[in-house]
Every structure is written in C-alpha cells, then in structure tokens.
Amino acid sequence: MTACLTAGDAIGNYIEMLRSAFASRHEIAVFADRGTRERVFLPSYAYVPTWEDILWFHYSIYSENFACLRQRGPDFKIMDYHGICPPELFAEDESEMKRLTARALRELPKWRDVFDLCLVHSDYSARVLREAGYERIVKTPLAIGRALAEAEEHPFLAGHLSRLEYLLFVGRVVLQKDVLGTIELFAHVREQRPQLKMWIVGDRSASPQYQQQIRDLLARLGVERDVGLAGRLSDPGLLKPFFKYARLLVILSRWESFCVPVVEAMGFGVPTVTSERTCVSEIIGETGLTVERATIEDAAERIAALLANGERYGDLRRRCLERAPLFSETQMAATLLEVEKSCFPLQSKVT
Amino acid sequence: MTLTKRSEPDEINSDQTMDQLRLFVSLRALREGGQDLEALATVEAELARLERELAAEGQNVETFRLAQEDLDNLFLLKMRQSLEPEGKIGRLGPLRWCYGLFRRFFLGTQRRYNESATYLVRRLYATVLLTRYHQLRLLVLERRLNEMETRLARLEGDANRPSATPSSSPSERGL
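Residue numbers (this note's numbering), protein chains in the order written: chain A, -11 to 339; chain B, 165 to 339.
Read the hints as simulated data drawn from the structure, not as lab findings. What you are looking at is a predicted structure, and each value in this text was computed from that prediction instead of being measured. We put the CB at the ideal spot given by N, CA and C, even for glycine. Warning: the hint list may mix true and false statements.
[As the list claims (entries may be wrong)] Computed footprint of chain A on chain B; a stretch qualifies when at least three of its residues, placed anywhere within it, have a C-beta under 8 Å from a C-beta of chain A:
1. 189 to 196
2. 201 to 212
[Stated by the list, open to error] Using 20 Å as the maximum straight-line C-alpha spacing, the simulated SDA-like pairs for lysine to any residue come out as follows:
3. A/232 with B/178
4. A/86 with A/76
5. A/232 with B/214
6. A/127 with A/205
7. A/98 with A/15
8. A/98 with A/144
9. A/232 with B/184
10. A/232 with A/134
11. A/232 with A/329
12. A/232 with A/144
13. A/232 with B/181
14. A/329 with A/134
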C-alpha cells in the first residue's frame, strides 16, 4: 500500500520489483490513495485486513492511507520506510508537502507498536527508525530495475547522446535535490571544459517558483543552450541512453534516504559526484567522488581533473560495474526471500 | 555491461546535437500530454525556425501562436485558485466571514475545476502546436522532395541527351 503510485518513478518501479519477487509464492494486491492511469490499483480505503494478510505499508509523506494503521488489526504489518524529507527542504510554494511531511515525521513514533517488521534501504534510515523507538528492522537495498537494464535504447537518443560529453542529473526537480547548485557546479566545470553539456532528467511539475529560479539561473550563467531539461522519462528505452552515455551523475541533494538513480548509473558504469554524506556516500562506496557543496569552485576543479584523467576515470567506471551487482533485482529478490523465511508469518497474502 | 566507447566531441556540433535532442524530448513530452513550459517554448522556437526557412524559400505560411500575454494567463490560471476579496471591500468583516464559509465548503471544488480546465486548455494548445509542427515539417520535406525530383529530372535529361560534339581522342588532338 502506498500513497501515490506513479508509473516510472522510483516507488512505482520498486512496487513492480516487489510484485515480481513475491508473485510466484503469494497473491498480491496493490492499494494506493492516488496514481497514474498506467497502473492498476485498488483504493486504500478498500483494504480489509484479515489474519492471513500481510500489509506492506510504504511509509513516506502523510496520506489518507494512514487510516489503516489506526487499529492494530489481525494482519501482519510491514513498514517499508522510504524516508521523509525534512519539511524545511520544500520550496515556499509547496506548503501542502511541508504539512504532509511534518505530520508523517511527527507521527512516526506513534506507530511503533502497530508494525511487526520494518524494512529500510540504508543505514541512515535504520538509524532514524531506531531513534523513533522501532526495534525489528531489516535492511534491503533498493535495486536497478530489470526493465531499465534490459530496455532497448531509443536509437535517435543513443546516436545523439553518444556524441556528447555531458553531466547528468536524474530525479525530481525540487529544492531538496539542489538542482540550482548542480547547475552552478556544471557552469564552473564548463569553464575548464567548454564542450561539456548537462542533462536534467526528472519531473518538473512541483514548485513553479523553483522552476522559475532554474530558468533565471540558466539565463544568468549564460548556459541555457548547454543545459537540457528532459522532464520525466517513464519509458526505460528513453531513460537508458541518458544514463549510458553520461560521463558523471551529479547528485548534490541536501537530503536523501537512498537515491535510486545512483545505483542505476552505477549499473551503466557511470560514477556519481555527490555532496550528500549520510546516504549517497554509503551507496557509492569507492565508486564516485564526494565533494563539498560549500566550496563549489574546488568541487568543479576536482570534477574537471577527473574528466581529464582517463586512467582514474576508467578505474572509477570499472569499480562501478563491479559494485552494481549488489543492487541487482536478483540480489534484492534473494534478500527478500531470506526476510520472508525468517520474519513472515506462515500462510499469508501480500498487500 | 561494457564500458561505452565515445568519440571526442566538437563544440559546435555538440550545440547542434543539444538542440536536436531538446526538440526531440520536447515533442515527446507534448505528445505524452506533458505541461512543461520549456517543451512548449522549444517547439514554438522550432515552429518559428521552420516558418523562417519556408519564407526564405519564398513560401509564406500563416503563423499561429498565442501571444505571450495569453500564454501567461493560461499558465497563471492554475495559480489563481483564490477568490479572496481584496482592497477596502476585502477588509469588511462580514464579507471576510462569508468568504471563509465559502472557502471551507467550495474551495476544493473550485481548485479541482481550475486544475482540470488548465490541463485541458494546455493540452489543446500543445496539440495545436504539434499539428502545426507536423504541417510545417511536411511542407519543408515536400519542398526538398520537389528540389530532388527537379535535380533528378535534370540529371536524367543530361544523361539521355546525345552529345552535340563527340569527344575526340587524345591522339586526334595531337597529344
């Protein structure tokens, strides 16, 4: 059960992976408060718990589906903790999101007796839950979807992107991801590598105010023609070439609880540059570059030096490919099977 | 997965490549019902370029585009979600109380109506732009096809025409 089911985003893809991991052994129904037309789901209020159900509850922003948690109920409840972005990291015109995240954070300790098991995807999330009083916590990293890895890349995009040298950002274009900082960093790197371009791939429907700030910054830095805004690409055949031909993925998020694009880029041998030290650094290990957001000129110098040093860059790419199998869908399914064997009650249906 | 082999990029070519990619993703976004301002702007710029290209070749086409003011209104419609009374009238207590009551019961409905209306109008405008783009592309391609046909006919004519003066051999020319 999730608040919002959108085809092609991290949560939508994850739910599909969960479905394929359990489909052979369990009957599965997906419930959501809202979702896109491409995905079939039942409304959350239609969920009726029985003793043989497992409620797999995706915990993120507050939503109407929290009503299912008000009673302990006879079902086995699993909290899949997605992480909650701190409310102060939303733009001024996203007051509703601020309210929903603040409420989800406030209510987090309240449900510790309701959930029988908690699933987290990073050490950071495990720490947050422990601080909120949760005890039975299992870590299962998120994975690179098979759909993306096996997709046939669009020939036009593949042909054109392979001719470019570009940095890539993938994710929602929102304040929390610090896209303005990413553009600023790109502009500094470009001073040393004039042929360098940048592609920003991700949903831009949130915060019109932030989108305007991005337009203003691009104009101020004079890089409007060098930065491409691709919007959300839900078709894996379109997204794949953007990853495959990128030189580096740049993630300067102010907060993350996992960041799926990092492992997706890793799967294509694309190293990540990040300034996020709690979670993204944990995921990338020794496969990327960690920079300081505060000293952007220095960060740009280091990126330019990395791009100029073929041997070091090639080494990072090889390390990415070596580490990527840790985040494969097969690995995730195997971990989930272990969790099922050790923690699930006998005879159950997954919701 | 193997490491991708890449060629050294050239700055001018990479600008053109970026423009082509930008147009591709914008057309795709509009086709899928995207409401992105940049996508609209990119397709509009391409329409203007195609119109200029056709005009330079002596083919004047009628331009269709919403004025910037109309476009701004279109996109501001979503933000104009409040009917809150303003100015001196807005400071009247009873009126504010009535507005509060109205807001409590009907603002959600009004917001949903505005969002649906904005979505439909934007979608319609995106469809018009896409249709126009395909019309202009068709005109440009037709012109190119005509040019190629003319050239082909000329070449065929040249090939079929018997030579007026048969070429003489080098020995005949005293070489």
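Structure-based check of each hint:
1. 189 to 196: holds (count 3)
2. 201 to 212: holds (count 3)
3. A/232 with B/178: 17 Å, holds
4. A/86 with A/76: Roughly 7 Å separates the two Cα atoms, so the pair holds.
5. A/232 with B/214: 32 Å, violated
6. A/127 with A/205: Since the Cα atoms of residue 127 of chain A and residue 205 of chain A sit roughly 39 Å apart, the hinted pair is violated (cutoff 20 Å).
7. A/98 with A/15: 30 Å, violated
8. A/98 with A/144: The hint is violated at about 51 Å.
9. A/232 with B/184: Holds, at about 19 Å.
10. A/232 with A/134: At roughly 15 Å apart (the allowed maximum being 20 Å), residue 134 of chain A and residue 232 of chain A satisfy the hint.
11. A/232 with A/329: Violated - the C-alpha atoms of residue 329 of chain A and residue 232 of chain A are around 37 Å apart, more than 20 Å.
12. A/232 with A/144: 14 Å, holds
13. A/232 with B/181: Given pair residue 232 of chain A, residue 181 of chain B holds - Cα atoms ~17 Å apart, limit 20 Å.
14. A/329 with A/134: 24 Å, violated
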